[in-house]
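Line order of the protein sequences matches chains A and B.
In this text, residue positions in the first sequence follow the working numbering: the first is 1, and each later residue adds one.
In this text, residue positions in the second sequence follow the working numbering: the first is 1001, and each later residue adds one.
Calculated from the structure, these hints are not laboratory results.
Some hints could be false.
Some but not every residue of chain A turned toward chain B, in silico, with C-beta under 7 Å [to be verified]:
{"hint": "1", "residue": "Asn82"}
{"hint": "2", "residue": "His89"}
{"hint": "3", "residue": "Leu104"}
{"hint": "4", "residue": "Thr109"}
{"hint": "5", "residue": "Val114"}
{"hint": "6", "residue": "Thr133"}
{"hint": "7", "residue": "Ala172"}
{"hint": "8", "residue": "Val176"}
{"hint": "9", "residue": "Leu212"}
{"hint": "10", "residue": "Ala214"}
{"hint": "11", "residue": "Ala278"}
Using 25 Å as the maximum straight-line C-alpha spacing, the simulated SDA-like pairs for lysine to any residue come out as follows [said to hold, decoys possible]:
{"hint": "12", "chain 1": "A", "residue 1": "Lys34", "chain 2": "A", "residue 2": "Glu9"}
{"hint": "13", "chain 1": "A", "residue 1": "Lys43", "chain 2": "B", "residue 2": "Asp1255"}
{"hint": "14", "chain 1": "A", "residue 1": "Lys43", "chain 2": "B", "residue 2": "Ser1253"}
{"hint": "15", "chain 1": "A", "residue 1": "Lys34", "chain 2": "B", "residue 2": "His1250"}
{"hint": "16", "chain 1": "A", "residue 1": "Lys43", "chain 2": "B", "residue 2": "His1249"}
{"hint": "17", "chain 1": "A", "residue 1": "Lys43", "chain 2": "A", "residue 2": "Ser98"}
{"hint": "18", "chain 1": "A", "residue 1": "Lys43", "chain 2": "B", "residue 2": "Pro1251"}
{"hint": "19", "chain 1": "A", "residue 1": "Lys43", "chain 2": "A", "residue 2": "Ala168"}
{"hint": "20", "chain 1": "A", "residue 1": "Lys34", "chain 2": "A", "residue 2": "Glu124"}
{"hint": "21", "chain 1": "A", "residue 1": "Lys34", "chain 2": "B", "residue 2": "Pro1251"}
{"hint": "22", "chain 1": "A", "residue 1": "Lys34", "chain 2": "A", "residue 2": "Ala19"}
{"hint": "23", "chain 1": "A", "residue 1": "Lys34", "chain 2": "A", "residue 2": "Gly100"}
{"hint": "24", "chain 1": "A", "residue 1": "Lys34", "chain 2": "A", "residue 2": "Gly66"}
{"hint": "25", "chain 1": "A", "residue 1": "Lys43", "chain 2": "A", "residue 2": "Ala90"}
{"hint": "26", "chain 1": "A", "residue 1": "Lys43", "chain 2": "B", "residue 2": "Gly1196"}
{"hint": "27", "chain 1": "A", "residue 1": "Lys34", "chain 2": "B", "residue 2": "Asp1255"}
Using N, Cα and C, we set each Cβ at its ideal position, and we do this for glycine too.
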Amino acid sequence: MTAWNAVAESVVAGVGLVARPAGLPDGEVWFDYKARLGPRGYKYLPESCQYLLAAAREAQAGHPAGLAPYGEERCGVVVGTNSAVAALHAEIEQTVRSEGIGALSPMTTPFFSVNLVAAKLSTEYRLKGFNLTVTSPRVAGVEALHLAAHELAGGRGDAVLAGATEAADPHAGRAVPESGAAVFVLRPAGTAVPPGGAVLRTALRFLPPAALSAAAGRGRAEWIVRETLDALCAERPERPTVPVRLVTDGSPVAELVTAAVRAWAPDRVSVPVAAPHAGALAPVQLLAEGLRAADPGPRLVVTAAGPGNLAFALTSPAAAHDTPQT
Amino acid sequence: MSGNEGRPEVRVTGIGAVSCLGPGADAFWAGLRAPAGPPAAVPGLTERVPDALAYQVPGRWPADGAPGRYGRTTEFALHAAREAVADAGLDADEIADMAVVIGTAGGETGERDGVAPGEAGRSEQDWSPTFPVASAVGGELGAFGPNISVSNACAASGYALSVAMDLVRRGEAETVLVGGAESLAWVPLAAFSRLGVNDPSGCRPFDLGRRGTVFGEGAAMLVVQSARAAAGRPGYGRLLGTAWSCDAHHPTSPDPAGRQLVRVAEEALREAGLGPDAVDCVIPHGTGTRQNDVVEATVLREVLGGRADDVPLFSLKAFLGHSAGSAAAFAAVCAALMARHGELPANVPLVEQDPECPLWLPQAGAVPLDRPTVLVNAYGFGGNNFSMVFGGEAR
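In isolation and in its complexed conformation, chain B is listed as follows (with noise of 0.2 Å):
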């Protein structure tokens, strides 16, 4: 139950996804509950870049193998976002009254590799934005409501789930579709290698032997709405708060003083009118780097206090990799289907987890909860943090 009565409501009534785990929520949720797979080559790059590589989305995109309109990360979003909208059971009106907010690092880069500058662009207009994500969404679907693409790297679509909220909150709009969508491109994948944070093994949050990160793709949506758009619809619960913060401090590593992430945990939780007794677990945002993850540990047992050993961590991108700009889309909608099926996952086992990252990793099977309150934290390049509470219900 939460604290923040008198804030009106954002319920989530719809979710889609598109991973490597496979097109559509269903998929991405038994993805969760199976042993996961390795990374990929990722074609023509990792012949250049050995330890480029990726969790990717299987099959042609778009499906018929056909050049499309739009880029790959666009045809993930549009597949996510029809999945999120029908789960929502939105109807014509519904829609096109609908506001599109979507979050990604790199939107539509990956379109422009191997094309030399000059070269003709996609659009008649000859020059192809590279974040078309949200407009091509919004104009597929007929969705005539503010449309904003934010692009606050690996913490975007957590950027964007809070402007939705507010767009709701505020009377703005009664239905949003929100999420986040990444494809892989040749940019960020050399950048991250010349960074040194690739791990050539695998994505292994919290693991002793972690090396760093390994990029994944796809996205995620979710419908969420007023409490009167809402009302009669089975949901998957409420977002109940959210926040944002800026460390200030370097261009990609976490300030060491953790003070800007215990404050953004800090106040989500407030916003939600809750303390930390009120958290049953946390999608953190876990990478796999190395100081990154003793970070947020370090973080999570302040946040968390005398809890800090009984709040199971369900580490995400052990399964997915990191997906950059939907990766806290992504864990929003685990979120919303760890209330629907009243578990968290087992996570993928570690070979040795990490001294320096004491927190509770349940490997050894599924534990249940009953209509959890879940703490979503996703960070970003630049210091740009954000967390969110998500306050599930039985669907």
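Here chain A stands alone, though its shape is the one from the complex (with noise of 0.2 Å):
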């Protein structure tokens, strides 16, 4: 039988945000790689990959030696995106027909390959360990919270950095096109708490769309749904309080998660992203705002996707709980 209460578990050592601020009208500028990087290196680097570099740099800033301590074979990167390439794509589709590959910059070209965005990452600081890319519609970012979570826990690395980063989708249609990166650094669980950290679960899930048409497969699901928040929250001091948000899409599925959710927890749950979004870095920001508001608490962010990807992630601060040290 597949695990339906598994979850991983590590310990947030650091938070970076790079958000399109809210409210900003379209067109506006609002980052300037140059202010936030450095004059040179940067300029023919896709925005996503400014974002991500950026949003590690800020998630390091505790840090004042970086991840080198941990040994540059003993720390990796994983990040989640959906849309991180596709603009670039678009304008290598479109020189390729009215220009020909000569007019294509061989400094930019490279990045078609989505991997590449967090493989700059493993450049810029060195980390050997490993660099992972996942992609899931929509839940890509926890994705890759959950990825690295355990492979701290099967003791592949010391230290990863970890998150989201994404660059608006010209092919969004309705859906909101996304800008901007969040980024953590993930340690193993059980290892200390820094302040302004917290202790992050995570659990992916999957319900299959067509599954839900039928009586036993809505079922199957919305047991499925209550047993991870039951799983995520086990033993956890916040279980009764925490108030949850939802990350929705419309789709059927996003509607019995909704549901199921409200279901477990009655009066607690706000939804602050309910349009569709293309892309997978709104659940990730929220994790981060959260962590990075005066007075944080335990959050809990599910995300639901249309092609029936769960993902499902609670934040529980350091002042929330004792912390072993080590």
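Mind docking these for me? Both chains are given alone in their own frames, and the hints should help you get the complex.
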């Protein structure tokens, strides 16, 4: 049997967030790579890569020597994205049609490969343990946090830069394009939670959309959501009070999950992201914003995507519990 | 015999494939034992990018030619997935519990070819994600287990194999459908041309005259299971060890020092509980790009030590081209079939082997193998490195 109560745990030891300010008019410039990264060496990177580097730099602000003390082969990178290079793809394709391949920039073209965005992060900080890019629709950001936690738990590293980055997808249609990045410094579960840090617990689930048309399938799906929420909050003191934020897309999968979560946590559910987003940044951004709040408390973010992907993430800030020292 | 006793077993009980050699694992194996065909022009693109050739899946996809719900990559993946699930003999409950992990470098990038920004996408929600393959396969099969999409360039399905193995070893899933899928798209082929790494003649790894790689397409899938779930089923072998590393060196070129490539192979062997003496054959990454093949040859000589001249290599991409994110899964399916048939097929004959790649590539005929231990390498842009040790069994 699949272990429906499986949860990954890690410790957040740094948070970086690069987000478009809310309410900014379309077309307004909000990010200056020179100011955030420096004047040289970053001009030809895709926007998603610039955002990621800036968020990673911010996440390591509390680590004066960066991750170097852990050793370069003991540090990894895991990034989730859906649309990091979608705009670059559109530009390359249009250039090939209109001007030919000779007009393609040799500096930018390699980034057609979506994993190069995360790879640049490894190169920037010489992190050689591993570098992983994940891309599940709308949940890839939490997917990255989850797999990073498992790599740490499996002993394959001592520190990981993990998170999400997106740049506006020109094919977003009616969905909301995403721009920005959120990066966490993650350490193995059981290590000390630093000030401003948190225990992070995550879970990934999947609900086949077609199965939800039958009562048996709906029942199984609702049970999976409840089991996962229980497992995520098992033995957590915040279990009875933790507020839940939903990131949904209006799909039948999202409707089922919304109902199941509301039944599990009556009066504690908000839906800050109800319009479909063309990316996987929103849930990680919500987690990062929660940890950067003036008085951070526990926060549970549940993401449900039409193709069937679900992601659950619970942050328990340092002040919310005792943590063993290592 | 592996030395990784104590770790939960991860057994391969089903395989499926769609490639330029045709649909189905049988067609795949038959194609590897026949003369390799040449790559062909890509309609609409080769007129603009003359060296953009590819090893293409024959026929129309979906098979009935009607516009389907899914893109070409997903159609390949679904075909290979259904074959693998049937081959493993999974029942309805096992499929419903199954996890799905699929690696793809480009996903459905090709579905956007010729679609101007602002035009409607395929999905009813009006945004078609570029990487829907794993979700679509899980949805079509009705698999409620974890569903993960990995996109580490040309090593993507290798990373997927690692993730799948970990799911089984952690006890999170008894059965995982794992593999890779890729279809041709304008952007990667044009980009490779701009970077000067397309070979206009064909994919010729380790040949002195090679000029780069040639894209391929298709899907390769495996069903992997815990020992408990696999009990009583005929199997192909076990995933014994996998490892990752990152060069952190250059966007597109491997670190010529090869340190991280050596490390990843040695860590995979260590996880398998084996030393280099146990390796019976190697399916290298071997793309046909000048630097990659030389670096990999140097790495293999270091990893295999004194046995480097005696361990046969099977250069799979000479048959399939470089199928990008699905390449490692094709190598894994190939390893399974080598175990099943007890042989390493003859390699595509080289015109002249590169003296800087002093490895044994048998070309005169098949090499018998008895329950081989196979080392599989897959490397991707960004210095993303993967190695795996597969322990073959008689089926």
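Quick rundown of the hints versus the structure:
no., hint, verdict
1, Asn82, "holds, 5 Å"
2, His89, "holds, 5 Å"
3, Leu104, "holds, 4 Å"
4, Thr109, "holds, 5 Å"
5, Val114, "holds, 5 Å"
6, Thr133, "holds, 5 Å"
7, Ala172, "holds, 5 Å"
8, Val176, "violated, 9 Å"
9, Leu212, "violated, 10 Å"
10, Ala214, "violated, 10 Å"
11, Ala278, "holds, 5 Å"
12, Lys34(A) <-> Glu9(A), "violated, 36 Å"
13, Lys43(A) <-> Asp1255(B), "holds, 24 Å"
14, Lys43(A) <-> Ser1253(B), "holds, 21 Å"
15, Lys34(A) <-> His1250(B), "holds, 22 Å"
16, Lys43(A) <-> His1249(B), "holds, 19 Å"
17, Lys43(A) <-> Ser98(A), "holds, 24 Å"
18, Lys43(A) <-> Pro1251(B), "holds, 15 Å"
19, Lys43(A) <-> Ala168(A), "holds, 18 Å"
20, Lys34(A) <-> Glu124(A), "holds, 16 Å"
21, Lys34(A) <-> Pro1251(B), "holds, 21 Å"
22, Lys34(A) <-> Ala19(A), "holds, 16 Å"
23, Lys34(A) <-> Gly100(A), "violated, 31 Å"
24, Lys34(A) <-> Gly66(A), "holds, 21 Å"
25, Lys43(A) <-> Ala90(A), "holds, 19 Å"
26, Lys43(A) <-> Gly1196(B), "holds, 23 Å"
27, Lys34(A) <-> Asp1255(B), "violated, 29 Å"
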